[in-house]
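Listed in order, the protein sequences are those of chains F and G. For the record, in the first sequence the residue sitting at position 172 is 172 according to our numbering, with numbers rising by one throughout. For the record, in the second sequence the residue sitting at position 281 is 281 according to our numbering, with numbers rising by one throughout.
These aren't lab readings, by the way, just hints derived from the structure by calculation. It cannot be assumed that every hint is accurate.
With a Cα cut of at most 27 Å, we get these calculated DSS-like pairs of lysine-lysine [what the hints assert, rightly or not]:
1. Lys-28/G - Lys-96/F
2. Lys-28/F - Lys-62/G
3. Lys-5/G - Lys-5/F
4. Lys-5/F - Lys-62/G
5. Lys-169/F - Lys-5/G
6. Lys-96/F - Lys-5/G
7. Lys-201/G - Lys-5/F
8. Lys-378/F - Lys-388/G
Protein chains: 2
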Amino acid sequence: MLAQKYIDMLSRKSVIRELSEYAVARGKEIGYENVFDYTLGNPSVPVPQSYNDSIVRLISEKSGMDLHGYSQSLGIREVRTAVAESLNRRFDMNYKADHIFMTSGAAGAIAHAVRLVTVPGDEIITFAPYFPEYGPYVTHSGTELRIVPPNTEDFQINFEAFEEMISAKTMAVLINTPNNPSGIVYSTATVKRLADILRRKSEEFGHIIYLISDEPYREIVFDGVDAPYVAKYYDATITCYSFSKSLSVPGDRIGYVAINPACPDADMMIVMCGQISRGIGHNCPSAIIQWAVSENLDITADISVYEKNMNILYDALTDLGFEVVRPGGTFYIFPKALEDDAVAFCNKGKAYDFIGVPADSFGCHGYFRLAYCIETEKVERSLEALKKFVRSEY
Amino acid sequence: MLAQKYIDMLSRKSVIRELSEYAVARGKEIGYENVFDYTLGNPSVPVPQSYNDSIVRLISEKSGMDLHGYSQSLGIREVRTAVAESLNRRFDMNYKADHIFMTSGAAGAIAHAVRLVTVPGDEIITFAPYFPEYGPYVTHSGTELRIVPPNTEDFQINFEAFEEMISAKTMAVLINTPNNPSGIVYSTATVKRLADILRRKSEEFGHIIYLISDEPYREIVFDGVDAPYVAKYYDATITCYSFSKSLSVPGDRIGYVAINPACPDADMMIVMCGQISRGIGHNCPSAIIQWAVSENLDITADISVYEKNMNILYDALTDLGFEVVRPGGTFYIFPKALEDDAVAFCNKGKAYDFIGVPADSFGCHGYFRLAYCIETEKVERSLEALKKFVRSEY
Chain F
1 MLAQKYIDML SRKSVIRELS EYAVARGKEI GYENVFDYTL GNPSVPVPQS
51 YNDSIVRLIS EKSGMDLHGY SQSLGIREVR TAVAESLNRR FDMNYKADHI
101 FMTSGAAGAI AHAVRLVTVP GDEIITFAPY FPEYGPYVTH SGTELRIVPP
151 NTEDFQINFE AFEEMISAKT MAVLINTPNN PSGIVYSTAT VKRLADILRR
201 KSEEFGHIIY LISDEPYREI VFDGVDAPYV AKYYDATITC YSFSKSLSVP
251 GDRIGYVAIN PACPDADMMI VMCGQISRGI GHNCPSAIIQ WAVSENLDIT
301 ADISVYEKNM NILYDALTDL GFEVVRPGGT FYIFPKALED DAVAFCNKGK
351 AYDFIGVPAD SFGCHGYFRL AYCIETEKVE RSLEALKKFV RSEY
Chain G
1 MLAQKYIDML SRKSVIRELS EYAVARGKEI GYENVFDYTL GNPSVPVPQS
51 YNDSIVRLIS EKSGMDLHGY SQSLGIREVR TAVAESLNRR FDMNYKADHI
101 FMTSGAAGAI AHAVRLVTVP GDEIITFAPY FPEYGPYVTH SGTELRIVPP
151 NTEDFQINFE AFEEMISAKT MAVLINTPNN PSGIVYSTAT VKRLADILRR
201 KSEEFGHIIY LISDEPYREI VFDGVDAPYV AKYYDATITC YSFSKSLSVP
251 GDRIGYVAIN PACPDADMMI VMCGQISRGI GHNCPSAIIQ WAVSENLDIT
301 ADISVYEKNM NILYDALTDL GFEVVRPGGT FYIFPKALED DAVAFCNKGK
351 AYDFIGVPAD SFGCHGYFRL AYCIETEKVE RSLEALKKFV RSEY
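Go ahead and model the full structure; you've got the sequences and the hints to work with.
See the structure below:
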C-alpha cells in the first residue's frame, strides 16, 4: 500500500512555493519585471567563471575513471583534504580529511547528522525562526523536532525558553547562523552562552548533546558583523555546509559534514556517515562536482550585491515605520508585519505586486520574510510599490 | 548518543571490499597487472565522448541559473520528458514526464521506491542471489527484507519457495534483471509467471503488491538473449534505473524511478517521491548531470567488451569442469565453487592471484562471482592462473 505519510504531505502546501507560483503566474500577466517577487532564496549572482572553467578543464585533463568512476564512499580523499585545509586556513581549525564527509548539499549533510546522533524517539531542539525543511529533515528519521520560541528583540537565542525545553531526551541542538529567515548572525556571546549550557546539560544528563550547525550562508556576512565559527566554541559540533549560496550552485548539490576534531569519536562519526548513506540511497555527490568545488574553496560568487540590497530595504522599511532587525548576513530580511496576521498582510501586498512570505511556517507569527537575492535595480523599483501598499492599507 | 546501529555496521566488513583491498595491496607487491582482480563491478569501458562533449557544451551554452540553479524537485521537466520518450521509443511504453522522477543512481531510486510502498513492519521479498546492498536499502527504512532461496539450476526464480514466502505482509517484490551477481536475465516466461502470481496474491490479500524492478544492467544484454522490459508485464511496476553501467558514469550519481503509467495513482506516486526526498536529504541529482544524460539517452558506452570477456571465461570455466550457467548480460559470471565452502575456495585462489568473491553475502552458498569488467587481455592472461589454481588444488 502507498505510504500514507507522504500522501498526507501532498495536501500540506508550502506557503513559499504557493506565493512563488503566484508571482510567476502574475508575471505572465503583467511582465515578471513588474512583480516584486521576494519569495525564493535562489542565489541570483552568477557562478564564478573559475568554477565553470574547472569543470571544462577537468573533463579534458582527468581520465574517465577518475572523473566518472565511483568515488570513495566518504567522498574523494583529495577533495576532503582540500576542504579540511580550507577550513583550517580560514577559521584556524585543525580538521583533517578524516573529519570531512562529502554530501549532496546541506540537506544531505543534515540527514546524516540527524541519523548519526539520534534514534527514533529522541529529540532535537531548534530555534524559531527556523528553516521549515528542518521539519522533514528531522522527523522523517523518527526523531522529534522541538522549537524554541523566537527572541523577537534581536533574533538571537531565547535562552530562557531553551533552558526550560532541554531535557534528557535532547540529543542535539540544530542552529542556523547566518539565519534563514531572520538574516541574523549569532554573536560570539550567543554562541559562547549556548556552548556553556550544552556543556552543563551534557554533564547533567550524562550524554553529549551535539550541536548541529547548519551554515550554508556562512560566507554571506555583512561589513563589520561579528560572525564566529561555531565549532571553535563547542567540541561536539557537527558543521553542515552547502556550496549552494557561496558559489551560486544550488543545482549542483554539493556540501559536506565536518566533525570538530575535538569531538569524541570524530573519525568514527565520519565513517558512520558512510553507513548511514547506504540506508537512505544517498551515496556520494557527483565526482566531477566534488573535484570542481575542491578547486574553488576559498572564493565566492560576487555576493556583495546582497549587502547592497539589504541596506536599501532596511532603510526603506525603517523609514516606513516597520520594526525590523538589521540583518548581519544571508539574503533575507525579516520585518514585523503591520498587522498581527502576517498572512493577511502579505495577501494585501499582492495587490501592489509586492510579494513577501508570512513567517508562520518559520515558527514566527506576525513577521514576514523578504528574500532579496534579486537585481538591485528591481529592489529599488519595488520601494514605490511598498510605499503605496503601506500608505494605502495602514 | 551516537546511533549504535551504524557503529555495529562498522564491524561487519564487506567481503567484496576486503577482497578488493587485498587485490590492490597485492598489486603493489607484484604489479597490479599481475593480479587477476575480479572483485569489483566498476565499469571499465570509457564514458562516451558525446557525454563529455555535452557537459562542455552545456557550460558554454546554458545560463548559470539554468545549469547551476535549483532544479525542480522531481527533476528537470525537459529531462523527465526526454527519459519518458526514450523509454517509449525503445520499449513501446507510454510514459510521460509525470511518471519519471530523477534520482542519484539506482541506490537513490530504490530508497524512494521502498519508502513509497512500505511502512515500518512491512516486508519486501527479493530472490537470491541478490545484490547485498538491498539489505541496508530496505531494512534501514524499517521494512523487512525476506530472501527467497536461489534456483541454482538456471538462476531464474525459485517459484515454489516464493509462493510459500509471500504473505499479507508482502508489500513489494524486488527483482534485479539482468542480475548481479548471477549474470542471468529473467526470461519472458519468468516475468510472466511472476506477474501472474503477483496479480493473484494482490487480489487474495486485498492490496497491490508492487514490483520494484532494479535495472542498472538493462542495456548490457548479450546476443540473442530474451530480455523482456519488465513493466510491460505488470501494471504496478516501479522501475529503478541507473546510468552508471550503460554510460560508464557511476561517479556521476544519476538514475531515475519510472512508474508504469498503468499503475494505479502513477502520477501521485511520483509526486510522493518528491516528499520522500525531503526526509532523506536526497533532493535532485546535479542539474548539469541531468542535462548531460538527457542528451545521451539512446546510446551506451562500448559495452561489447563485456560479452567478449564473458565468452572467454565461460568457455574456460566449463572446460575446467565448473558448473556455471551462461550469463545473458551484465559483467558478472557466477560459477559453483569446486568445494562446498566458496570462502575457502576463493582464499585458495589468492595463492594464484586469481581473486573472485564468495557468494554467501549474495545469499547463495557455495558459489562465487567474477566481475569481468576488466581488459580482455587481462581476462585471457588470467586463464593460466585459473588452470594452475584448479589443477593444483582440486
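Hints, verified against the model:
no.: 1; hint: Lys-28/G - Lys-96/F; verdict: 26 Å, holds
no.: 2; hint: Lys-28/F - Lys-62/G; verdict: 22 Å, holds
no.: 3; hint: Lys-5/G - Lys-5/F; verdict: 24 Å, holds
no.: 4; hint: Lys-5/F - Lys-62/G; verdict: 38 Å, violated
no.: 5; hint: Lys-169/F - Lys-5/G; verdict: 18 Å, holds
no.: 6; hint: Lys-96/F - Lys-5/G; verdict: 25 Å, holds
no.: 7; hint: Lys-201/G - Lys-5/F; verdict: 25 Å, holds
no.: 8; hint: Lys-378/F - Lys-388/G; verdict: 77 Å, violated
Hints 4 and 8 from the list above are not met by this structure, while the remaining hints are.
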